[in-house]
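Residue numbers (this note's numbering), protein chains in the order written: chain E, 8 to 448; chain W, 3 to 500; chain P, 2 to 132.
To be clear, the hints were calculated from the coordinates, so they are not data collected in a lab. Treat the hints with care, as some may be off.
What the hints assert, rightly or not - Beyond 12 Å from chain W on every Cβ pair, some chain P residues (computed):
hint, residue
1, Glu-6
2, Ser-7
3, Asp-26
4, Phe-35
5, Gly-41
6, Glu-42
7, Glu-65
8, Glu-93
9, Gly-101
10, Asp-102
11, Arg-126
Claimed, not checked - Listed below are the simulated DSSO-like cross-link pairs for lysine-lysine, each with C-alpha atoms no more than 30 Å apart in a straight line:
hint, chain 1, residue 1, chain 2, residue 2
12, W, Lys-463, E, Lys-161
13, W, Lys-472, P, Lys-68
14, E, Lys-177, W, Lys-160
15, P, Lys-68, P, Lys-127
16, W, Lys-186, P, Lys-87
17, W, Lys-4, P, Lys-87
18, E, Lys-326, W, Lys-429
19, E, Lys-159, W, Lys-160
20, E, Lys-161, W, Lys-314
21, W, Lys-385, P, Lys-57
22, W, Lys-201, E, Lys-326
23, E, Lys-403, E, Lys-434
24, E, Lys-177, W, Lys-314
25, W, Lys-385, P, Lys-127
26, W, Lys-472, P, Lys-127
27, W, Lys-201, E, Lys-434
28, E, Lys-326, W, Lys-472
29, W, Lys-472, E, Lys-159
30, W, Lys-186, E, Lys-326
31, P, Lys-87, W, Lys-160
32, E, Lys-434, W, Lys-37
33, W, Lys-160, P, Lys-68
34, P, Lys-57, P, Lys-68
35, P, Lys-57, W, Lys-186
36, P, Lys-116, E, Lys-403
37, P, Lys-57, E, Lys-159
38, E, Lys-69, W, Lys-305
39, P, Lys-68, W, Lys-186
The beta-carbon is built from N, C-alpha and C at its ideal position, and this holds for glycine as well.
Chain by chain, the residues:
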Amino acid sequence: MSSFLSLTDRDRDEMLAEIGVSSIDELFRDIPQGVRFARDLDVPPALTEVELQRHMEGLAAKNVVDEICFLGAGIYDHYVPAVVDAVLQRGEFLTAYTPYQPEMSQGVLQAIFEYQTAICELTGMDVSNASGYDGAVVAADACFVAKHATGKSKIVVTEATNPQVRQVVKTYAPGFGLEVVEVSHEDGATDPDRVREAAEGAAAVIFQHPNFFGVLENAPELAAAANGVDAMPIAHVDLVSLGVLEAPGAYGCAMAIGEGQSAGNAMSYGGPHFGFLASRTDFMRRLPGRIVGETVDATGERGYVLTLQTREQHIRREKATSNITTNQTLLALAGLVHLSLLGPQGLRELGETCMALTQYAKDKLTGAGLELLFPERATFKEFAVRTGRNAREALKDARAQGVYAGYPLGRDYAGMDDALLVAVTEKRTTDEIDRLVEVLS
Amino acid sequence: MKLIYEKSQPGRRGSGIPKPAGLEAPEVPEELRRKEPPRLPEMAEPEVLRHFTELSTRNFGIDTGFYPLGSCTMKYNPRINERLVGLPGFANLHPLVDDDAAQGALELEWNLQAILLEVTGLDAVSLQPAAGSQGELTGLMLFHAYFRDRGEDEQRRKVVIPDTAHGTNPASVTMAGYEVTHVKTDPRGNIDVDDLRTKVDEHTAGLMLTNPSTLGLFDENIEEIERIFHGAGALMYYDGANLNAVCGISRPGDMGFDIVHINLHKTFSQPHGGGGPGGGPIAVRDMLAPFLPVPVVVQDGEKYRLEYDRPKSIGKVRAFSGPFGVFVRSYAFMRAYGPGLKEMSEVAVLNANYLRARLQGAYDLPYERLCMHEFVLSARNLKRDFGVTALDVAKRLMDYGFHPPTIYFPLVVPEALMIEPTESEAKETLDAFCEAMLAIAREAAEEPEVVHEAPHSRPVKRLDEVRAAKQPVVRYQFEEHPEEQGAGSRQLEAQKGA
Amino acid sequence: MAASESYPDDLLYHPEHDWARIDGDEAVFGLSWFAQDALGELVHYEPPDVGASVTKDSSYGEVESVKAVSDLIAPLSGEVLEVNGKVVDAPETVNEDPYGDGWLIRVRLTSPDEKSELLNLEAYRKVLDEA
Numbered sequence: 008m009s010s011f012l013s014l015t016d017r018d019r020d021e022m023l024a025e026i027g028v029s030s031i032d033e034l035f036r037d038i039p040q041g042v043r044f045a046r047d048l049d050v051p052p053a054l055t056e057v058e059l060q061r062h063m064e065g066l067a068a069k070n071v072v073d074e075i076c077f078l079g080a081g082i083y084d085h086y087v088p089a090v091v092d093a094v095l096q097r098g099e100f101l102t103a104y105t106p107y108q109p110e111m112s113q114g115v116l117q118a119i120f121e122y123q124t125a126i127c128e129l130t131g132m133d134v135s136n137a138s139g140y141d142g143a144v145v146a147a148d149a150c151f152v153a154k155h156a157t158g159k160s161k162i163v164v165t166e167a168t169n170p171q172v173r174q175v176v177k178t179y180a181p182g183f184g185l186e187v188v189e190v191s192h193e194d195g196a197t198d199p200d201r202v203r204e205a206a207e208g209a210a211a212v213i214f215q216h217p218n219f220f221g222v223l224e225n226a227p228e229l230a231a232a233a234n235g236v237d238a239m240p241i242a243h244v245d246l247v248s249l250g251v252l253e254a255p256g257a258y259g260c261a262m263a264i265g266e267g268q269s270a271g272n273a274m275s276y277g278g279p280h281f282g283f284l285a286s287r288t289d290f291m292r293r294l295p296g297r298i299v300g301e302t303v304d305a306t307g308e309r310g311y312v313l314t315l316q317t318r319e320q321h322i323r324r325e326k327a328t329s330n331i332t333t334n335q336t337l338l339a340l341a342g343l344v345h346l347s348l349l350g351p352q353g354l355r356e357l358g359e360t361c362m363a364l365t366q367y368a369k370d371k372l373t374g375a376g377l378e379l380l381f382p383e384r385a386t387f388k389e390f391a392v393r394t395g396r397n398a399r400e401a402l403k404d405a406r407a408q409g410v411y412a413g414y415p416l417g418r419d420y421a422g423m424d425d426a427l428l429v430a431v432t433e434k435r436t437t438d439e440i441d442r443l444v445e446v447l448s
Numbered sequence: 003m004k005l006i007y008e009k010s011q012p013g014r015r016g017s018g019i020p021k022p023a024g025l026e027a028p029e030v031p032e033e034l035r036r037k038e039p040p041r042l043p044e045m046a047e048p049e050v051l052r053h054f055t056e057l058s059t060r061n062f063g064i065d066t067g068f069y070p071l072g073s074c075t076m077k078y079n080p081r082i083n084e085r086l087v088g089l090p091g092f093a094n095l096h097p098l099v100d101d102d103a104a105q106g107a108l109e110l111e112w113n114l115q116a117i118l119l120e121v122t123g124l125d126a127v128s129l130q131p132a133a134g135s136q137g138e139l140t141g142l143m144l145f146h147a148y149f150r151d152r153g154e155d156e157q158r159r160k161v162v163i164p165d166t167a168h169g170t171n172p173a174s175v176t177m178a179g180y181e182v183t184h185v186k187t188d189p190r191g192n193i194d195v196d197d198l199r200t201k202v203d204e205h206t207a208g209l210m211l212t213n214p215s216t217l218g219l220f221d222e223n224i225e226e227i228e229r230i231f232h233g234a235g236a237l238m239y240y241d242g243a244n245l246n247a248v249c250g251i252s253r254p255g256d257m258g259f260d261i262v263h264i265n266l267h268k269t270f271s272q273p274h275g276g277g278g279p280g281g282g283p284i285a286v287r288d289m290l291a292p293f294l295p296v297p298v299v300v301q302d303g304e305k306y307r308l309e310y311d312r313p314k315s316i317g318k319v320r321a322f323s324g325p326f327g328v329f330v331r332s333y334a335f336m337r338a339y340g341p342g343l344k345e346m347s348e349v350a351v352l353n354a355n356y357l358r359a360r361l362q363g364a365y366d367l368p369y370e371r372l373c374m375h376e377f378v379l380s381a382r383n384l385k386r387d388f389g390v391t392a393l394d395v396a397k398r399l400m401d402y403g404f405h406p407p408t409i410y411f412p413l414v415v416p417e418a419l420m421i422e423p424t425e426s427e428a429k430e431t432l433d434a435f436c437e438a439m440l441a442i443a444r445e446a447a448e449e450p451e452v453v454h455e456a457p458h459s460r461p462v463k464r465l466d467e468v469r470a471a472k473q474p475v476v477r478y479q480f481e482e483h484p485e486e487q488g489a490g491s492r493q494l495e496a497q498k499g500a
Numbered sequence: 002m003a004a005s006e007s008y009p010d011d012l013l014y015h016p017e018h019d020w021a022r023i024d025g026d027e028a029v030f031g032l033s034w035f036a037q038d039a040l041g042e043l044v045h046y047e048p049p050d051v052g053a054s055v056t057k058d059s060s061y062g063e064v065e066s067v068k069a070v071s072d073l074i075a076p077l078s079g080e081v082l083e084v085n086g087k088v089v090d091a092p093e094t095v096n097e098d099p100y101g102d103g104w105l106i107r108v109r110l111t112s113p114d115e116k117s118e119l120l121n122l123e124a125y126r127k128v129l130d131e132a
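With the rest of the complex left out, here is chain E (with noise of 0.2 Å):
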């Protein structure tokens, strides 16, 4: 029998006795034949947790993760700190399910009204969802919203925004009725009056900045010219940049969204993570997912519960603002605990380190011979670097040295072959710099 089980023969026969019945198979027996499945399961054999722990390591060992890691394009490489393992860990947070239950459920719903403050700080905005799947999703969800506040269904997004939202935001469209028509940029960067003119009878207008090349957006133009034409202008945003960066609330946005793996969440292949979801107030209605909301219980005293549920599918159905259930609680809970250790001035200087290193990386490597693919452009932790030749030939033979010196952007770019997006993170060191600039000159 299973570790993991605990009746025991006698257990199960005076159960079956109580139930009434002769066996277990008995108490299939609404199965109808014809669909009962007549073999055991072809899997492999039942494994005990010291094999187990061997058969696992055999296949963590054979991915590659000790070369140096300048990989970015959406996923970065961010320390985090070991109390939010600590905190991650704690059973009653792990195991436990949607707070339906307020009086069961107080830590998790206390946990997220500080989460969702942390976003509504953090972006400058009114109202946060209580997370979503993650930051591609979060787009698709904000179109949604988008659609529904204005009665319009084309939706703007700026080619300089992450292939992978855009790819998201494409694959729901249809359902929803949306149009998706992209804005080129010019040098990295997108033109606002381009902007404007695509603009015209859109919902939204959708803007990653820092954008996808690491370059910072003109953003309050961006959303000056979504605002102009009444569409609904959007950021896409890191949250490990607005220590630096000014808040989208603060330039005119009508919502910001992103993915919040950079905020205490390791790589981990793609996940799970978050994404981030908020907005002004006007759309609160109208937003997918949970939301926490502060009351009080009969004897006056603080607590929290979900709120706004009739937007929400299990009342409201066919008719609801998302089919969505579940939220990504946990991964958000590490959001919060990373950013509370950070506090204001910490993520401040998180920005300035990344700032800082990225320079560093730039300065190196134009002054080793190599070009900048955007060499006008500000940056932030992320930029773009011709390597003269294939980019991918160029990733092979450092990767043989230990480096894995970025993304070739010719995956997602026409006429990028060459170029290589390199991110770096608070965790590169200079040393680890000067090996990047060695292995790509």
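Here the structure of chain E is known, so what remains is to put chains W and P in place on it, guided by the hints.
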């Protein structure tokens, strides 16, 4: 207790950031520079840890006790899986590395897919969807893609859903651009096949069904249902929320379903995390495979790779190949059971029937049949006789140390109490839960006010949800925020109770 | 304070538990006691825009309690002249006074003849008995 923002003191910090010697950050252009710093908490590391530890003591998880929340499959989450997901070879792997650097991850995904195919009886898998609801939406996108390919997409606009369905089903149908056709439940808790026959025709794209249903009942007419849908050229979608009842016992593919989503956080033990993460892979029949999201994991001889060039693919529903950490835990869980997954389902069904047998009588049982892994009671007898509702029963269970069942769902049962014990529980626990439920039924008759006012032992009493909805306070408001009232004594009590 | 059960006999009722009080070519719409009781304390009212047209038997807005949401069904067709701002600000007004301060919209009727299809009190009571 205080919010973390109320514990903040200017000048404190909980982590240091490396400052490379001699390097300065370049100036951020004036118009892009942050003007007001975000008011994040300012606390030293020990106080941050204590804050979240204290919060955790105000929460209940499977590790704390019995959690019979129907439809959610709150089973034991093996601790080894947390250690495994943290292995550096998994945790530190970037999702965009070349495939040769991710051979272990891809092999794991491939192996996981193979087990899912065996359990569901289907032909191809996409691991990408982030949760069951996203699996549903992806499945409906496959409906569109399949019928578009056959030139029938314009014609087939309707998706049939029984009145017992999870709310996600109709919500997904709308988001996918389909219309909902509702079908009734018959007196035995099966789909009303006569009602169904009148509603399925050449305009039907398909069915979404949970089997066993949210009533915990296996649909005895499933073969007839299959004939009706496939006979009309429509597809069948299986909501895998209740797969824990039938692993190794009956396979959705053999029942006739063409698309299945699997809730890895239910059947395969990804911890629920207070409401996520989940995992909602979908398994499909061959004819739907070309439309699956990209990338798809493929095996080339000894090697594995991610394939993006799939011209008929619907695209991407989530970034990268899916929530990989969830795959690690679920795969480990499956390997720990092996073919014993069948015994897992058998015990889940045995536990549910045992509770049903012991509790029927004290509570109404609307469908008198053997149940599968869960069952639905009704507290309508207590409401009628003593004014005690399902909500009251749920709150009173907390005082006995149990998480309440799901209440007021499915909608077809008034005062519903939906109970799912899972396979994880010992008979002693099941007995203690029955004793509590029976005691509450007695209390309802003898001292109903104790039940009405429950819970009495939690950190808070019943909360004013009307106030929360009417004047939504959805973030801390700093200076303008109302102060906490009379906290101290209650917290102490709660800790003693915990 | 929730109102106690009553059904005035000067109103016409719709089987979906909406009422109309007709005054010349105008009418006021609201929810019956039964409907507000079934929903529980209202927390939100999503009214139509003034000037919008409403169609008999179709939804013209929504009301929400904490755990339920309900379409408002127009008993008659017309053009919206006024929305009750008091209910927008304090939705519980409907629970307190469903036939008075808790009215929802005032309309100019576009098909006054439709009123022959509505229920008088006696007929509405039969609907209630079956509910």
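For each hint, the structure was consulted:
1. Glu-6: holds (17 Å)
2. Ser-7: Non-interface label on Ser-7 of chain P holds, nearest chain W Cβ at 23 Å vs cutoff 12 Å.
3. Asp-26: At about 36 Å from chain W, Asp-26 of chain P clears the 12 Å cut-off, so the statement holds.
4. Phe-35: holds (17 Å)
5. Gly-41: violated (8 Å)
6. Glu-42: violated (5 Å)
7. Glu-65: violated (8 Å)
8. Glu-93: violated (8 Å)
9. Gly-101: At roughly 21 Å from the nearest Cβ of chain W, Gly-101 of chain P sits farther out than 12 Å, so the non-interface label holds.
10. Asp-102: Given that every Cβ of chain W is farther than 12 Å from that of Asp-102 of chain P, nearest at about 17 Å, it holds.
11. Arg-126: About 23 Å separates Arg-126 of chain P from the closest Cβ of chain W, which puts it past 12 Å; holds.
12. W:Lys-463 with E:Lys-161: violated (47 Å)
13. W:Lys-472 with P:Lys-68: holds (12 Å)
14. E:Lys-177 with W:Lys-160: holds (23 Å)
15. P:Lys-68 with P:Lys-127: Holds, because 28 Å separates the two Cα atoms, which is no more than 30 Å.
16. W:Lys-186 with P:Lys-87: With a Cα-Cα distance of about 40 Å, the restraint between Lys-186 of chain W and Lys-87 of chain P is violated, given a limit of 30 Å.
17. W:Lys-4 with P:Lys-87: Given pair Lys-4 of chain W, Lys-87 of chain P is violated - Cα atoms ~36 Å apart, limit 30 Å.
18. E:Lys-326 with W:Lys-429: Violated - the C-alpha atoms of Lys-429 of chain W and Lys-326 of chain E are around 42 Å apart, more than 30 Å.
19. E:Lys-159 with W:Lys-160: holds (24 Å)
20. E:Lys-161 with W:Lys-314: It holds: about 24 Å lies between the C-alpha atoms, which stays within 30 Å.
21. W:Lys-385 with P:Lys-57: Not satisfied, since the Cα-Cα distance of roughly 37 Å exceeds 30 Å.
22. W:Lys-201 with E:Lys-326: holds (21 Å)
23. E:Lys-403 with E:Lys-434: The hint holds at about 23 Å.
24. E:Lys-177 with W:Lys-314: Satisfied, since the Cα-Cα distance of roughly 14 Å is no more than 30 Å.
25. W:Lys-385 with P:Lys-127: holds (25 Å)
26. W:Lys-472 with P:Lys-127: violated (34 Å)
27. W:Lys-201 with E:Lys-434: violated (60 Å)
28. E:Lys-326 with W:Lys-472: holds (21 Å)
29. W:Lys-472 with E:Lys-159: This hinted pair holds, its Cα atoms lying about 29 Å apart.
30. W:Lys-186 with E:Lys-326: holds (19 Å)
31. P:Lys-87 with W:Lys-160: Roughly 40 Å between the alpha carbons, so the hint for Lys-87 of chain P and Lys-160 of chain W is violated.
32. E:Lys-434 with W:Lys-37: holds (27 Å)
33. W:Lys-160 with P:Lys-68: holds (28 Å)
34. P:Lys-57 with P:Lys-68: holds (27 Å)
35. P:Lys-57 with W:Lys-186: Holds, at roughly 27 Å.
36. P:Lys-116 with E:Lys-403: It is violated: about 79 Å lies between the C-alpha atoms, which goes past 30 Å.
37. P:Lys-57 with E:Lys-159: With a Cα-Cα distance of about 27 Å, the restraint between Lys-57 of chain P and Lys-159 of chain E holds, given a limit of 30 Å.
38. E:Lys-69 with W:Lys-305: holds (11 Å)
39. P:Lys-68 with W:Lys-186: At roughly 23 Å apart (the allowed maximum being 30 Å), Lys-186 of chain W and Lys-68 of chain P satisfy the hint.
Of the hints listed earlier, those the structure fails to meet are numbers 5, 6, 7, 8, 12, 16, 17, 18, 21, 26, 27, 31, 36, in rising order.
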